[in-house]
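Trainee: In the order they appear, the protein sequences are chains A and B.
If you count by our numbering, then the first sequence holds residues 639 to 1025, one letter each, in order.
If you count by our numbering, then the second sequence holds residues 639 to 1025, one letter each, in order.
Be a bit skeptical, because a hint or two may be false.
Result set (PhoX-like, lysine-lysine): computed pairs, CA atoms no more than 25 Å apart in a straight line [to be verified]:
| id | chain 1 | residue 1 | chain 2 | residue 2 |
| --- | --- | --- | --- | --- |
| 1 | A | Lys851 | B | Lys841 |
| 2 | A | Lys999 | A | Lys721 |
| 3 | A | Lys758 | A | Lys903 |
| 4 | B | Lys851 | A | Lys841 |
| 5 | B | Lys685 | B | Lys662 |
| 6 | A | Lys903 | B | Lys903 |
| 7 | A | Lys969 | A | Lys754 |
| 8 | B | Lys939 | B | Lys662 |
| 9 | B | Lys999 | B | Lys1015 |
Pair by pair, the computed Cβ-Cβ distance ranges are [stated by the list, open to error]:
| id | chain 1 | residue 1 | chain 2 | residue 2 | range |
| --- | --- | --- | --- | --- | --- |
| 10 | A | Arg914 | B | Arg696 | 38 to 44 Å |
| 11 | B | Lys662 | A | Thr905 | 25 to 31 Å |
| 12 | A | Asp691 | B | Glu928 | 41 to 47 Å |
Hints were generated in silico from the structure; no laboratory data involved.
Where is the CB? At the ideal position from N, CA and C, for every residue including glycine.
Number of protein chains: 2
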Amino acid sequence: MSLIKVGVIGIGNMGSSHVKLLGKGEISGATLTAVCDPNSDQLELIKTKAKDDVQIFRDEDAFLNESGIDAVLISTPHYDHPKLAMKAFAKGMHVLIEKPAGVYTKNVAEMNKAAKESGKVFSIMYNQRSNPIYQKLREIIQAGELGEIKRTNWIITDWYRSQSYYDSSEWRATWQGEGGGVLLNQAPHQLDLWQWTTGLMPKRVQAFCNYGKYHDIEVEDDITAYVEYENGATGVFITSTGETPGTNRFEIAGDRGKMVVENNKLTFYRLTQSEREFNATYTGGFGNPECWTIDIPIQGKSAEHQGIIQNWIDSIIKGTPLLAPGEEGIKGLEISNAIYLSSWLNQPVELPIDADLYYEKLQEKISQSTFQKKNVKKVNLDVAGTH
Amino acid sequence: MSLIKVGVIGIGNMGSSHVKLLGKGEISGATLTAVCDPNSDQLELIKTKAKDDVQIFRDEDAFLNESGIDAVLISTPHYDHPKLAMKAFAKGMHVLIEKPAGVYTKNVAEMNKAAKESGKVFSIMYNQRSNPIYQKLREIIQAGELGEIKRTNWIITDWYRSQSYYDSSEWRATWQGEGGGVLLNQAPHQLDLWQWTTGLMPKRVQAFCNYGKYHDIEVEDDITAYVEYENGATGVFITSTGETPGTNRFEIAGDRGKMVVENNKLTFYRLTQSEREFNATYTGGFGNPECWTIDIPIQGKSAEHQGIIQNWIDSIIKGTPLLAPGEEGIKGLEISNAIYLSSWLNQPVELPIDADLYYEKLQEKISQSTFQKKNVKKVNLDVAGTH
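All chains should be built: construct the whole structure from the sequences, respecting the hints.
Mentor: Have a look at this one:
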């Protein structure tokens, strides 16, 4: 069987890393045949990382029209994900996009529609879905072991970035270039896992965003979001790039106990009876139902980016179910759009949000921006172990 | 030197426990000479717990005027704390009140004024201040070791109560009888420690309260509060009586690292340099300042209620500084009043709150209440180890 011819567009920090994987033949069933980036410095780097016969493009249309690729991995700045994905679907290509799905749900919904109509294999780089700890958490919750969820709480503040990170390119952490900060660049993994593991999307969000609090940037670097779910549960999501050492602690309380993911450990505090049942029948005043503290064993390692790319290729070749279907990218983005909108309107917002209003408000941010980056030193950063 | 003659008023769950301590002579320098409670069942209990010559009163004025006590421990329902304390100060008595200081800051401020004018020793039962783990946390923060505080986060959901607890008396968990729920009965310790250990009072609160969410009660049993501090730091406080097993995890992030209190352990994640300094000088993009994980040793045990009563008596006899001055009770109460007010007005509120407005809104809650308790079974609950 012939290899799937893959092209990579957007050769920044992440794109370079993907080119390396594909170029070294580490994705079974796939071969890297083309790359595209308008920036010539980046393309020089490619020559050291991929085989000599890889076609190099600077223009995206030439790349899509002339390269002869079957599938494209899109790792450009976020804004371009939906536009490029739609062009690729129109050409009959399979698509894997980097996270986030885009910057605003309005065109991500259009991308999803185009994907469906194309019938092609569409995935998103939610590599944390390949982490066995979150897979196990999801499995236990979806099996009903935790019972009805009462509260979720994710403190994900270990996305520390110093000013030099933000100064490494012009587009980063600007409304025009990136469309946001920690919510769009660092936290999309957790925003996705938050809904994916629990199976719950918030129905209402009230958020408190701090813009340029710890860095000389115009977008947010510190967030506290409060959410309410359809079933009455509440939740809190806290993220920041201004704290070190940060915390990564995800707690979910349910009718049958509590689960906590922290320090690469999954602990299940499992009640031997339903709390609601205990509440209704116990007569002793003070007292709690019996609880077992269980260390849930975690098998295997996270397959990370390689796992998602391989899964996408496997799905193309043999119909393997996707771990991270591209269409699901809109969920985490919907939450982050709601967080911004709540902060901008200074009021709670209901989900799904008004996608047109969000788009309009974002355009205002862009057009009203007077922010100038002072010390840009364009460099490629080594992302090993950081995403 | 003659013993301080102490009277206890309010012989419910906590009062019975205090009577036991004082009655058994476990407070050095003090003797229990009088008790007061309008409820005769409770007074029968006293006979089994204290010496035969303890005077028994059913009327508070007779108790204060005729008992000849030097000092009074007030453990009545919350509403009466300020009124009784003021009567006692007017009689020249020393006063120790149970937490909370009262239900609304309006009359707690009056109580504080009366305390000051009396010159008597005034303390509050913030027994958690005698816990060496919080003392150590406070000491390290106040010494500046953590640097400028960036964020506080307390998840204190291990105040589980079943319906039978709420059904154990008429006054509990009603606007008229108790003036609130988890914020006034269970969480006052943490509301106090939150500000006492950090030295920071919020300047702005936006809170989300759920009333009767997990229990057949009219007051709140589930809270999420977001706060902002004068220095720009943010915080979250989550409490509930509807989750089990709950969490008790207090995290404080600062410029020099992070401190976490959980499972009776105090961990200091200590940076070897200021994060602000690192942020400004580091040039490598990804990267963090060096961090040491330190288990802070905790010496001794919490002296609990006995410790606070003894400290109060020692302060009366020999001027020992108070661990929990009564006047400081208004701080935690101010935070909880702000949380309610934000929830009732459905908007953020600034601290100090408008005390008259709060009082007015509380009266509305009381007068508009149509709630009827269905299954009251009046019982005395054993509080050993629960408060």
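Trainee: All the hints need checking, so say for each whether the structure fits it.
Mentor: Okay, the hints, checked on the actual structure:
no.: 1; hint: A:Lys851 x B:Lys841; result: holds (18 Å)
no.: 2; hint: A:Lys999 x A:Lys721; result: holds (20 Å)
no.: 3; hint: A:Lys758 x A:Lys903; result: violated (37 Å)
no.: 4; hint: B:Lys851 x A:Lys841; result: holds (18 Å)
no.: 5; hint: B:Lys685 x B:Lys662; result: holds (12 Å)
no.: 6; hint: A:Lys903 x B:Lys903; result: holds (18 Å)
no.: 7; hint: A:Lys969 x A:Lys754; result: holds (16 Å)
no.: 8; hint: B:Lys939 x B:Lys662; result: holds (21 Å)
no.: 9; hint: B:Lys999 x B:Lys1015; result: violated (30 Å)
no.: 10; hint: A:Arg914 x B:Arg696: 38 to 44 Å; result: holds (41 Å)
no.: 11; hint: B:Lys662 x A:Thr905: 25 to 31 Å; result: violated (41 Å)
no.: 12; hint: A:Asp691 x B:Glu928: 41 to 47 Å; result: holds (45 Å)
Taken one by one, the earlier hints fail for this structure at numbers 3, 9, 11, listed in ascending order.
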